[in-house]
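**Student:** Here's the letter readout for the chains.
There are 2 protein chains.
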Amino acid sequence: MKLPTISDIMAAHGRIKPYIHNTPVLSSQQLNKMFECELYFKCENFQRVGAFKFRGATNAVLQLGEAERKKGVVTHSSGNHAAALALAASMNGVKARIVMPETAPVVKKNAVADYGAEITFCKPTLQAREESTRKIMEETGATLVHPYDNFNVICGQGTAALELLSDKPDLDFVIAPVGGGGLMSGTSTCVKGIDSKIQVIGAEPLNANDAWKSFNSGKLVPSVNPLTVADGLLTSLSELTFRIIQNNVDQILTVSEESIISCMLLVWERMKIIIEPSSATVLAVIKENPGIFRGKKAGLIISGGNVDFRKLPF
Amino acid sequence: MKLPTISDIMAAHGRIKPYIHNTPVLSSQQLNKMFECELYFKCENFQRVGAFKFRGATNAVLQLGEAERKKGVVTHSSGNHAAALALAASMNGVKARIVMPETAPVVKKNAVADYGAEITFCKPTLQAREESTRKIMEETGATLVHPYDNFNVICGQGTAALELLSDKPDLDFVIAPVGGGGLMSGTSTCVKGIDSKIQVIGAEPLNANDAWKSFNSGKLVPSVNPLTVADGLLTSLSELTFRIIQNNVDQILTVSEESIISCMLLVWERMKIIIEPSSATVLAVIKENPGIFRGKKAGLIISGGNVDFRKLPF
Chain A
0 MKLPTISDIM AAHGRIKPYI HNTPVLSSQQ LNKMFECELY FKCENFQRVG AFKFRGATNA
60 VLQLGEAERK KGVVTHSSGN HAAALALAAS MNGVKARIVM PETAPVVKKN AVADYGAEIT
120 FCKPTLQARE ESTRKIMEET GATLVHPYDN FNVICGQGTA ALELLSDKPD LDFVIAPVGG
180 GGLMSGTSTC VKGIDSKIQV IGAEPLNAND AWKSFNSGKL VPSVNPLTVA DGLLTSLSEL
240 TFRIIQNNVD QILTVSEESI ISCMLLVWER MKIIIEPSSA TVLAVIKENP GIFRGKKAGL
300 IISGGNVDFR KLPF
Chain C
0 MKLPTISDIM AAHGRIKPYI HNTPVLSSQQ LNKMFECELY FKCENFQRVG AFKFRGATNA
60 VLQLGEAERK KGVVTHSSGN HAAALALAAS MNGVKARIVM PETAPVVKKN AVADYGAEIT
120 FCKPTLQARE ESTRKIMEET GATLVHPYDN FNVICGQGTA ALELLSDKPD LDFVIAPVGG
180 GGLMSGTSTC VKGIDSKIQV IGAEPLNAND AWKSFNSGKL VPSVNPLTVA DGLLTSLSEL
240 TFRIIQNNVD QILTVSEESI ISCMLLVWER MKIIIEPSSA TVLAVIKENP GIFRGKKAGL
300 IISGGNVDFR KLPF
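As you go down the protein sequences, you meet chains A and C in turn.
So the first sequence is numbered by numbering that gives the first Met the number 0: it starts at 0 and just counts up by one.
So the second sequence is numbered by numbering that gives the first Met the number 0: it starts at 0 and just counts up by one.
To be clear, the hints were calculated from the coordinates, so they are not data collected in a lab.
Every residue gets a Cβ at the ideal spot worked out from N, C-alpha and C, and that includes glycine.
Just so you know, not all the hints are guaranteed correct.
Straight-line distance between alpha carbons at most 25 Å, and here's what the computed SDA-like set of lysine to any residue pairs gives [claimed, not checked]:
(1) C:Lys167 to A:Lys296
(2) C:Lys108 to A:Ser261
(3) C:Lys16 to A:Gln28
(4) C:Lys310 to A:Glu256
(5) A:Lys286 to C:Asp307
(6) A:Lys16 to C:Gln29
(7) A:Lys16 to C:Glu37
(8) C:Lys310 to A:Pro312
(9) C:Lys310 to A:Val106
(10) C:Lys70 to C:Asp148
(11) A:Lys310 to C:Leu311
(12) A:Lys296 to C:His20
(13) C:Lys196 to C:Asn288
(14) A:Lys310 to C:Gly64
(15) A:Lys296 to A:Gln198
Rough simulated footprint, nothing fancy, chain A against chain C, three-plus residues with beta-carbon under 8 Å [said to hold, decoys possible]:
(16) 43-54
(17) 205-211
When you get a sec, could you build the whole thing from the sequences and use the hints?
**Tutor:** Right under this line is the structure:
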């Protein structure tokens, strides 16, 4: 199993730079005062398609060979990766086919359709997604761009941390959300490759704590029917992302649904930016663990800002 | 009646610069494509207290003499000006007394209290506000800092346009919302003082169209029981702001409630920033008048981002 290195992430950054936004790193004096630490928000909610996923998808599309480009790409995703691959493919003249659960938020379905991808709806189970995807691959020869169990995707996701550390090198912590582990794998590989003294922390909903269980038991434990407001973090780690996380992450901290919702509202109210529930997990880690972060500098990867405004949790 | 000039606004900017944020000017490729023009959003939702009002309030507080500083300031406001004056006063060691209507959004009441001002609640009518304020002035000798009918406040509000034109000098239009006319007076004085070829447009809810009526009839027409989702634009022009607007504004365009709400949602969804309904009027002007703006460059003053998330209009 080939694991990514900091060089792979730097190469990915060089490759995708012309396509992505170098998103801003924001801070809030009010939040710093409230939590008694210095917080630096790497705002991937301002990334194209409203999420970091555009980085990994773009890197994967740019690595296709000529024959692969002609047959197109396919993926299954609950939302942000779907839109990301749809746009990355369309910007590069490649056809994208997307398998989405029927239950995905309307705003995410619309985004995928707007980017011109072909959508196949399926039942909201991992099995149904994987079956639909396999069928499309067999029929069309399309290349699978898995949302996180993919070397090129992981390298792309790591470029957000690369830009964060280029703007703010003197951090004590970097915190990113953990779902399938693609962002966490890229982020931790990047951070440890640049400065091994920076602590890397994964933020996970208590109600979807497969990564916490896997990390602490040393064995890959899949998620069983997770139920969390952080709809981007329902997926389980893969062998690849688990291995990378074991190697590079210092700890995984779980957070309550209540903290996720209150931290999302806090960022909306005080910073006037839209972040999605999955992104609020990183601030929830700060909120639930004041002792760890007091007086320290933490970089927070804000993963995205795609929210269905008609179904808010507050 | 002394009217402000571009020199007064430049002087105000020099004075308040150490206290305010030089807010970013953002743009969105998606919105530019959708409306077929180039839009530059001057984001005063990222200003301290979440609104441009901090500029005018700070300028007014910094102009107090020593005797006035000791007696403090007083104002009546439905929200943003209240928080702005409370913070500006507290940052400068001056006591603030604020008269607020009982019906003001919770988030705005809390903000004022957090900044340490003394709040007096009153009925939600202009008469009740003015009476309470007069009483406080008589009892304490506090200086009234009116939300808009005030030379120093108007000069402060004009500094947002000054920063906008410093970032983007080659605009065809500048659009700002019109309520009591403080922002519009400062903005139009600034823009015409710098480049008289730039068209200055006021954006007003059709349901609170006193400025439109006054501007087009040449006579000051007060608002009677206006009812609009743009809760920052309920107030009527004063003699002072009307005179300045008559001198400097090219036209006032009214917008429907439906446009205000859909444009607010559009900015949240596409730009991932929180803007309040009053701010959405400027984009609603673009939406309702495609013929005027096609192919042009427009600077939009986004007045604020203070929203009660439990009472959203969508």
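**Student:** It remains to establish, for every hint, whether it holds in the given structure.
**Tutor:** Verification of the hints:
1. C:Lys167 to A:Lys296: This hinted pair is violated, its Cα atoms lying about 34 Å apart.
2. C:Lys108 to A:Ser261: 19 Å, holds
3. C:Lys16 to A:Gln28: 17 Å, holds
4. C:Lys310 to A:Glu256: 22 Å, holds
5. A:Lys286 to C:Asp307: 23 Å, holds
6. A:Lys16 to C:Gln29: Satisfied, since the Cα-Cα distance of roughly 19 Å is no more than 25 Å.
7. A:Lys16 to C:Glu37: 24 Å, holds
8. C:Lys310 to A:Pro312: It holds: about 13 Å lies between the C-alpha atoms, which stays within 25 Å.
9. C:Lys310 to A:Val106: 21 Å, holds
10. C:Lys70 to C:Asp148: 21 Å, holds
11. A:Lys310 to C:Leu311: 11 Å, holds
12. A:Lys296 to C:His20: Measuring from Cα to Cα gives roughly 22 Å; hence the hint holds.
13. C:Lys196 to C:Asn288: 20 Å, holds
14. A:Lys310 to C:Gly64: With a Cα-Cα distance of about 51 Å, the restraint between A:Lys310 and C:Gly64 is violated, given a limit of 25 Å.
15. A:Lys296 to A:Gln198: 11 Å, holds
16. 43-54: holds (count 3)
17. 205-211: Our answer is that it is violated, as 0 residues pass the Cβ test (under 8 Å) against chain A, missing three.
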